[in-house]
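Chemist: Sequence:
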Amino acid sequence: MSQKFQEIIDSERPVLIDFFATWCQPCKVQSSVLNTVKENIGEGARIIKVDVDQYPALAAQYGVRGVPTLAIFKNGEMLWKESGVHDVNTLTQLLQEYA
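Quick note on numbering: the sequence shown equals residues 11 to 109 in the numbering used here.
Incorrect hints may have been included.
As the list claims (entries may be wrong) - With a cut-off of at most 16 Å between alpha-carbon atoms, the simulated EDC-like pairs for lysine to aspartate or glutamate come out as follows: (1) Lys84 x Asp20; (2) Lys59 x Glu92; (3) Lys84 x Glu53; (4) Lys48 x Asp97; (5) Lys84 x Glu17; (6) Lys84 x Glu107; (7) Lys59 x Glu17.
Stated by the list, open to error - Here are the computed distance ranges between Cβ atoms for each label pair: (8) Gln64 x Gln106: 28 to 34 Å; (9) Ile58 x Glu107: 28 to 34 Å; (10) Gly86 x Gly52: 18 to 24 Å.
Rather than coming from a laboratory, the hints here were simulated on the basis of the structure. Quick reminder that beta carbons are idealized off the backbone N, C-alpha and C, glycines included.
Work out the full structure, taking the sequences as your base and the hints as a guide.
Modeler: Rendered as structure tokens:
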């Protein structure tokens with residue numbers, strides 16, 4: 011996964027990573043928010059979900075200590091990271107800034 015993950019975040023297009031867990035209720039809320047963000051942003055950015063229980067090493071590598079944690083990468087560099095549930099407008103605006 012880490013090789014594929016590196017290829018994904020090396021993109022020139024911003025990539026929003028949603029670090030989540032299947033048992034996490036706020037993660038489910040965040041997931042529905044991200045569906046709307048994807049509609050708003052279209053091809054301007056990618057949104058990828060990473061299950062922290064399936065990929066604990068990846069979560070640890072990026073300092074994910076709680077879920078949901080969202081991170082935006084571009085050209086392999088982490089530009090933004092924050093834990094908690096975020097609203098559609100904030101995330102759409104962030105991705106448009108980095109696009």
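Chemist: For each hint given before, does the structure comply? Return the numbers of the non-compliant ones in rising order.
Modeler: 9
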